[in-house]
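2 protein chains.
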Amino acid sequence: MASAQPFTENSENIDVSDYMALVGRQARAAATDLSAATTQVKNQALLGIADAIAVQADSIRQANSKDMAAGRQNGLDAALLDRLELTDGRIEAMIDGLRQVVALADPVGEISDLAYKPSGIQVGRMRVPLGVIGMIYESRPNVTIDAAALCLKSGNAAILRGGSESLHSNLALARCVADGLQAAGLPATAVQVVSTRDRAAVGEMLAMRGVIDVIIPRGGKSLVERVSEDARVPVIKHLDGNCHTYIDDSADAEMAIAISVNAKTHRYGVCNAMESLLVAETVAPSLLPRLAEPLLAAGVELRGCERSCQLVPAMSSASDSDWDEEYLAPVLSVKVVAGVDEAIRHIAAHGSGHTDVIVTEHLGRAQQFLRQVDSSSVMVNASSRFADGYEYGLGAEIGISTDRLHARGPVGLEGLTSQKYVVLGEGQVRGG
Amino acid sequence: MASAQPFTENSENIDVSDYMALVGRQARAAATDLSAATTQVKNQALLGIADAIAVQADSIRQANSKDMAAGRQNGLDAALLDRLELTDGRIEAMIDGLRQVVALADPVGEISDLAYKPSGIQVGRMRVPLGVIGMIYESRPNVTIDAAALCLKSGNAAILRGGSESLHSNLALARCVADGLQAAGLPATAVQVVSTRDRAAVGEMLAMRGVIDVIIPRGGKSLVERVSEDARVPVIKHLDGNCHTYIDDSADAEMAIAISVNAKTHRYGVCNAMESLLVAETVAPSLLPRLAEPLLAAGVELRGCERSCQLVPAMSSASDSDWDEEYLAPVLSVKVVAGVDEAIRHIAAHGSGHTDVIVTEHLGRAQQFLRQVDSSSVMVNASSRFADGYEYGLGAEIGISTDRLHARGPVGLEGLTSQKYVVLGEGQVRGG
Numbered sequence: 001m002a003s004a005q006p007f008t009e010n011s012e013n014i015d016v017s018d019y020m021a022l023v024g025r026q027a028r029a030a031a032t033d034l035s036a037a038t039t040q041v042k043n044q045a046l047l048g049i050a051d052a053i054a055v056q057a058d059s060i061r062q063a064n065s066k067d068m069a070a071g072r073q074n075g076l077d078a079a080l081l082d083r084l085e086l087t088d089g090r091i092e093a094m095i096d097g098l099r100q101v102v103a104l105a106d107p108v109g110e111i112s113d114l115a116y117k118p119s120g121i122q123v124g125r126m127r128v129p130l131g132v133i134g135m136i137y138e139s140r141p142n143v144t145i146d147a148a149a150l151c152l153k154s155g156n157a158a159i160l161r162g163g164s165e166s167l168h169s170n171l172a173l174a175r176c177v178a179d180g181l182q183a184a185g186l187p188a189t190a191v192q193v194v195s196t197r198d199r200a201a202v203g204e205m206l207a208m209r210g211v212i213d214v215i216i217p218r219g220g221k222s223l224v225e226r227v228s229e230d231a232r233v234p235v236i237k238h239l240d241g242n243c244h245t246y247i248d249d250s251a252d253a254e255m256a257i258a259i260s261v262n263a264k265t266h267r268y269g270v271c272n273a274m275e276s277l278l279v280a281e282t283v284a285p286s287l288l289p290r291l292a293e294p295l296l297a298a299g300v301e302l303r304g305c306e307r308s309c310q311l312v313p314a315m316s317s318a319s320d321s322d323w324d325e326e327y328l329a330p331v332l333s334v335k336v337v338a339g340v341d342e343a344i345r346h347i348a349a350h351g352s353g354h355t356d357v358i359v360t361e362h363l364g365r366a367q368q369f370l371r372q373v374d375s376s377s378v379m380v381n382a383s384s385r386f387a388d389g390y391e392y393g394l395g396a397e398i399g400i401s402t403d404r405l406h407a408r409g410p411v412g413l414e415g416l417t418s419q420k421y422v423v424l425g426e427g428q429v430r431g432g
Numbered sequence: 001m002a003s004a005q006p007f008t009e010n011s012e013n014i015d016v017s018d019y020m021a022l023v024g025r026q027a028r029a030a031a032t033d034l035s036a037a038t039t040q041v042k043n044q045a046l047l048g049i050a051d052a053i054a055v056q057a058d059s060i061r062q063a064n065s066k067d068m069a070a071g072r073q074n075g076l077d078a079a080l081l082d083r084l085e086l087t088d089g090r091i092e093a094m095i096d097g098l099r100q101v102v103a104l105a106d107p108v109g110e111i112s113d114l115a116y117k118p119s120g121i122q123v124g125r126m127r128v129p130l131g132v133i134g135m136i137y138e139s140r141p142n143v144t145i146d147a148a149a150l151c152l153k154s155g156n157a158a159i160l161r162g163g164s165e166s167l168h169s170n171l172a173l174a175r176c177v178a179d180g181l182q183a184a185g186l187p188a189t190a191v192q193v194v195s196t197r198d199r200a201a202v203g204e205m206l207a208m209r210g211v212i213d214v215i216i217p218r219g220g221k222s223l224v225e226r227v228s229e230d231a232r233v234p235v236i237k238h239l240d241g242n243c244h245t246y247i248d249d250s251a252d253a254e255m256a257i258a259i260s261v262n263a264k265t266h267r268y269g270v271c272n273a274m275e276s277l278l279v280a281e282t283v284a285p286s287l288l289p290r291l292a293e294p295l296l297a298a299g300v301e302l303r304g305c306e307r308s309c310q311l312v313p314a315m316s317s318a319s320d321s322d323w324d325e326e327y328l329a330p331v332l333s334v335k336v337v338a339g340v341d342e343a344i345r346h347i348a349a350h351g352s353g354h355t356d357v358i359v360t361e362h363l364g365r366a367q368q369f370l371r372q373v374d375s376s377s378v379m380v381n382a383s384s385r386f387a388d389g390y391e392y393g394l395g396a397e398i399g400i401s402t403d404r405l406h407a408r409g410p411v412g413l414e415g416l417t418s419q420k421y422v423v424l425g426e427g428q429v430r431g432g
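Listed in order, the protein sequences are those of chains H and R.
In terms of the working numbering, the first sequence is residues 1 to 432.
In terms of the working numbering, the second sequence is residues 1 to 432.
Don't read these hints as lab results, they were simulated from the structure.
The beta-carbon is built from N, C-alpha and C at its ideal position, and this holds for glycine as well.
Among the hints, a few may not be true.
Unchecked claim - Pair by pair, the computed Cβ-Cβ distance ranges are:
#	chain 1	residue 1	chain 2	residue 2	range
1	H	R290	R	D18	44 to 54 Å
2	H	E426	R	Y268	20 to 30 Å
3	R	E426	H	P294	15 to 25 Å
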């Protein structure tokens, strides 16, 4: 039987399976308390966590220094070390983030669609927490606080498993979370950081059917694929963002250029950046050369179909695999298409169901594109960069779902809840 | 490579894995057409199926006779044979059911919550089909038509695998479905009945990640458990209904009796029947004997806690396992509890998350029960028998979900859809 030493690394001789079973039981028990917690109490806990982070900032930095030193010693590359580091700015951002979540409306208990039915009963739907949420993420300790805040506000217990390189940092943050929870009278086990480096803990989480209600992996595509491949628990997953912009022949040319340049060059390494540009053949001769100019000036490499290369000699030839690529880099594939039908077919064949855009002034084609493109966000005349929880007004997001079931697109507090039916009667019984 | 012979039983030498891969590819291709189909076209297909069933009623009856004869020969019990039989009444009911689904509002394409955001973009959510739905059910051929109708109206392609004892009946019905689809210009492969008796087909379905978006098992608890245990595809599952009625000390006594008697005796073999009665200790002495009378008169066996047995000598002693039992029979477990808190704890410990009821005139306790009981339907002052898609105004249901993710409670057309984000801009690009 594992002992509960949540804020120090578990020694290697504790059986991982026993330890995770304990974590699971504690989470389920805490989930019941948390689902009944009032908005006021949950907000008090969030503010308590923020205060604890401020007060314990020194020990958080010390713990993070240990992780950073070990990371350097183990040869982590610069990008990983950057994500691992808790700078003063990041600590401040975690505190701000917690305060922002306090300001969000509590979705739990909201009753909608309450209406009388022919039998005289009133039937409606009440938002309720999912229960226990498992998060599996890379060595980015600020995710620990982001995830804790959103799970807590939505009334869910959480089991958090960050990358093992960030364990000291995560355990220092876990202490702050526990302090905040306890100060508000909530069980400290409502948010548990898995305190072993043993990778078997991930396997245990993926198999905890009936204990964990949903797992949200956050990280690169290979992590997400591995988690969804192995999970016996439902997963809300975010795979790649191969986002398209289709420029229709009725598009406003200036708008098409502004949107395309923004969608490609605003940030390169993000999932809602444009990776593929489709242009209607009637406007391609006039538009593509004008469009290529600012993209090339920004240092974007253009890989085009045969027709595109004829129109813009600075393009290189796209290979078949380019149409499926999420570059996350200053590279763009470009294709001339006959019109909206071919654009929709191309997106269905090569897109990743993340975010796709049409630029058009033609109402019917806008409607057709909105309806027929099977992506989590479909846009008319706007940059794909807007596909984001904050821009959509969710306040914060725990991830972006490219799944079809439960939640699609940015997942905020509402995505961490579901709805049960509530029935209000005055003694009705069923006849017949 | 399997040939496509959808209306005759596949001979045993066809490789099941190849055959199911073909079925999957056809379903995915059809899903794209179906998601774009207008309400009018889908309704035309539904009416076409109804017409085809009416016209082909003789061959449906002949096919069903073959199944019935084989079933008798193989010693199926009377209950199974009853479910297998397509009487004239059931054929008429299938036709009526199709017409009722025509009359339901089409959820697909509905845009909700469309609102301007600070950047000037409008963000809303559009209902879209899930894609491909897999149904695994027992030898009840009328489920084939129910499922086909709901999947079709909600814009989903369907792969239907009914019990092998009903294969001839299902293939005869599949022909009607295909005729209706084709008459409306939709691909006949939008609804496919798996035409092999080989049980390996079920295993293939459960593993079709990326092809089948969700599997809905319909049948007894063992079928549902087996499917959810083995599935690598998301499952909307309906396990047991161990439904409680809690009678609070503030309850109207007549109402409490009427609701309890209805919930227990209206029908015994259904998942929303009451299986366990909880009574507040202050009212138990006056109420329990009065309540026992009509229940005993109806032939219900009462199994009580110690206190209940003292109050009603006709009760037998409940064993520990009685509290967890879904009897589906004229049996009821009865327990005296201290009050609403104990009732909620008892339901959390022993309930199945299906439907639970409080009878009370106390507003605060009604609110507490509604909020804290973690079941797909929670009711105040109404019979649990109302937990039903028709009574809730869904029009029809494909099942009742006791899951937490995606859909809880009766699943109608809306439960077969999800929502994607739609963004309408006027050329906005992202700054900062």
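Item to complete: Go ahead and decide if the range 15 to 25 Å is satisfied by the Cβ distance of E426 of chain R to P294 of chain H.
Response: 21 Å, holds
Worksheet item: Given a hinted range of 44 to 54 Å, is it respected by the beta-carbon distance of R290 of chain H and D18 of chain R?
Response: 51 Å, holds
Item to complete: Hint says 20 to 30 Å; check whether the CB-CB distance for E426 of chain H and Y268 of chain R agrees.
Response: Once the Cβ atoms are compared, 26 Å apart, the range 20 to 30 Å for Y268 of chain R and E426 of chain H holds.
In the structure shown, no violation is registered for any of the earlier numbered hints.
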